[in-house]
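Given the structure of chain W, go ahead and fit chain V onto it with the hints provided.
First to last, the sequence lines map onto chains W and V. Quick note, the first sequence lines up with residues 1 to 225 if you use the numbering used here. Quick note, the second sequence lines up with residues 1 to 117 if you use the numbering used here.
Warning: the hint list may mix true and false statements.
As the list claims (entries may be wrong) - The list that follows gives simulated cross-link-like pairs (lysine-lysine, DSBU-like), each with its CA atoms no further than 35 Å apart:
hint: 1; chain 1: W; residue 1: 46; chain 2: V; residue 2: 10
hint: 2; chain 1: W; residue 1: 152; chain 2: W; residue 2: 138
hint: 3; chain 1: W; residue 1: 172; chain 2: W; residue 2: 129
hint: 4; chain 1: W; residue 1: 131; chain 2: V; residue 2: 10
hint: 5; chain 1: W; residue 1: 172; chain 2: W; residue 2: 197
hint: 6; chain 1: V; residue 1: 19; chain 2: W; residue 2: 197
hint: 7; chain 1: W; residue 1: 129; chain 2: W; residue 2: 52
hint: 8; chain 1: W; residue 1: 131; chain 2: W; residue 2: 55
hint: 9; chain 1: W; residue 1: 17; chain 2: W; residue 2: 77
hint: 10; chain 1: W; residue 1: 152; chain 2: W; residue 2: 131
hint: 11; chain 1: V; residue 1: 49; chain 2: V; residue 2: 19
hint: 12; chain 1: W; residue 1: 152; chain 2: W; residue 2: 172
hint: 13; chain 1: V; residue 1: 10; chain 2: W; residue 2: 17
hint: 14; chain 1: V; residue 1: 49; chain 2: V; residue 2: 106
hint: 15; chain 1: W; residue 1: 129; chain 2: W; residue 2: 197
hint: 16; chain 1: V; residue 1: 10; chain 2: W; residue 2: 129
hint: 17; chain 1: W; residue 1: 197; chain 2: V; residue 2: 10
hint: 18; chain 1: W; residue 1: 52; chain 2: W; residue 2: 172
Just so you know, these hints were derived from the structure itself, not from any lab. Just so we're clear, the structure is a prediction, and the values are computed from it rather than from any experiment.
Listed below are the residues making up each chain.
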Amino acid sequence: MVGIRGRRVEGERQMAKAIFGRKIGMTQVFNESGDSVAVTVIEVPKTVVVRKRTKERDGYEALQVGFGEVARSRVTKPYAGQFREARMQATRHLRELRHVDCSGFDVGSQMGVEQFEAGERIEVSGTSKGKGYQGTVKRHGFHRGPMAHGSKSHRRPASAGSTDGARVFPGKRGPGQMGGERVTVRGLRIERVVPEKGLLLVRGAVPGANGSLVEIRSRADGIKG
Amino acid sequence: MNPIIAEIEKEQVRPGLPKYRTGDTVRVHVRVVEGGRERVQVFEGIVLKCNHKHTRRSLTVRRVTAGIGIERTFLADSPRIDHIEVVRYGRVRRARLYYLRSRIGKKATKVKERRFR
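Next up, chain W with everything else stripped away, as it sits in the complex (with noise of 0.2 Å):
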């Protein structure tokens, strides 16, 4: 199997843990050796598993968790019966976390930060902030024209191609809807766990405004990130 960036990975690739968690924002502290490190506050939310989804009966393995608190007015009836067969109470949010070790959990049984610990590398997921339309400078780091000496080609993509082809080829950068995208950043690394708060301090940024959902995941596929 090929792995990420082309290198070869014996068997499947799998994830050992991952959890959902709400972006807080960005701070410093101070670690071990006196240094201060930026670093991104994670609120990880209880976690509990709602269905398992099995190789024999969905075609692929993955945990289906729910977390976070919601009124019962807000279950919509089709949510709501996936808590009853569960039974269990409704959560905010349904989610499912692929590629991670399904055993050692059952329908019920629950997750929270104590899974990661301070010095582990992780990736981190999330939706990326909203740019809006953008045109190619912003978008794709194209070069901009002169602003002076007659130039009228400021910010202007110029050339779409050659006439040869007669038509513009398909990927061709060119202007568009900027962000609001899912982006993923390897190779973070967790500064500190605070399990009683349900907190991961995570050293480095994470993609995604505050208080949006992230996604952690531990590498256990044998790459370095």
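Quick look at chain V alone, frame taken from chain W:
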């Protein structure tokens, strides 16, 4: 600010720092690790500016040695700082004493003393 972050920052604050402001002369005792050995280095000078924002406090200290001005900025809450002592209180009319940089000789290090009534 988010209350969760405010709490984390509050935990970082070290108690027992003396009150200092710009214009004061302070002695900052810094822990330096040198080849596995730790010792305390003292840096004395005039507080050029200080930041008491939130709980991430910092101060910039200026001293002139052999005609060369040296400025160091410290994170006041860093565990690397052993302690800070105030040597002299100064009376200044500005929050940031950048004008000291352009001064040469004796004037560069002199700030009026603050008197208490």
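*Regarding the pair residue 10(V) and residue 17(W), is the alpha-carbon distance no greater than 35 Å?*
It holds: about 31 Å lies between the C-alpha atoms, which stays within 35 Å.
*Can the restraint linking residue 152(W) and residue 138(W) be considered satisfied, given a maximum Cα separation of 35 Å?*
Answer holds: residue 152(W) to residue 138(W) is near 18 Å, not above 35 Å.
_With the threshold set at 35 Å, check whether the alpha-carbon distance from residue 152(W) to residue 172(W) stays at or below it._
holds (22 Å)
*Take the C-alpha atoms of residue 197(W) and residue 10(V), compute the straight-line distance between them, and say whether it is at most 35 Å.*
Status holds; Cα separation ~15 Å.
*Is residue 129(W) within 35 Å of residue 197(W), Cα to Cα?*
holds (26 Å)
_Against the 35 Å threshold, does the CA-CA distance of residue 49(V) and residue 106(V) hold or violate the hint?_
holds (20 Å)
_Pair hint outcome, residue 17(W) versus residue 77(W) [Cα-Cα no greater than 35 Å]_ = holds (31 Å)
_Tell me if the straight-line CA distance from residue 131(W) to residue 10(V) falls inside 35 Å._
Satisfied, since the Cα-Cα distance of roughly 33 Å is no more than 35 Å.
_Given the hinted pair residue 10(V) and residue 129(W), is their Cα-Cα distance within 35 Å?_
holds (28 Å)
*Keeping to a limit of 35 Å between CA atoms, is the pair of residue 172(W) and residue 197(W) held or broken?*
violated (47 Å)
*residue 19(V) and residue 197(W): Cα distance at most 35 Å?*
holds (33 Å)
*Mind checking the alpha carbons of residue 129(W) and residue 52(W) for me, to see if they're no more than 35 Å apart?*
holds (32 Å)
Consistency note: the structure conflicts with the earlier hints numbered 5, 8 and 18.
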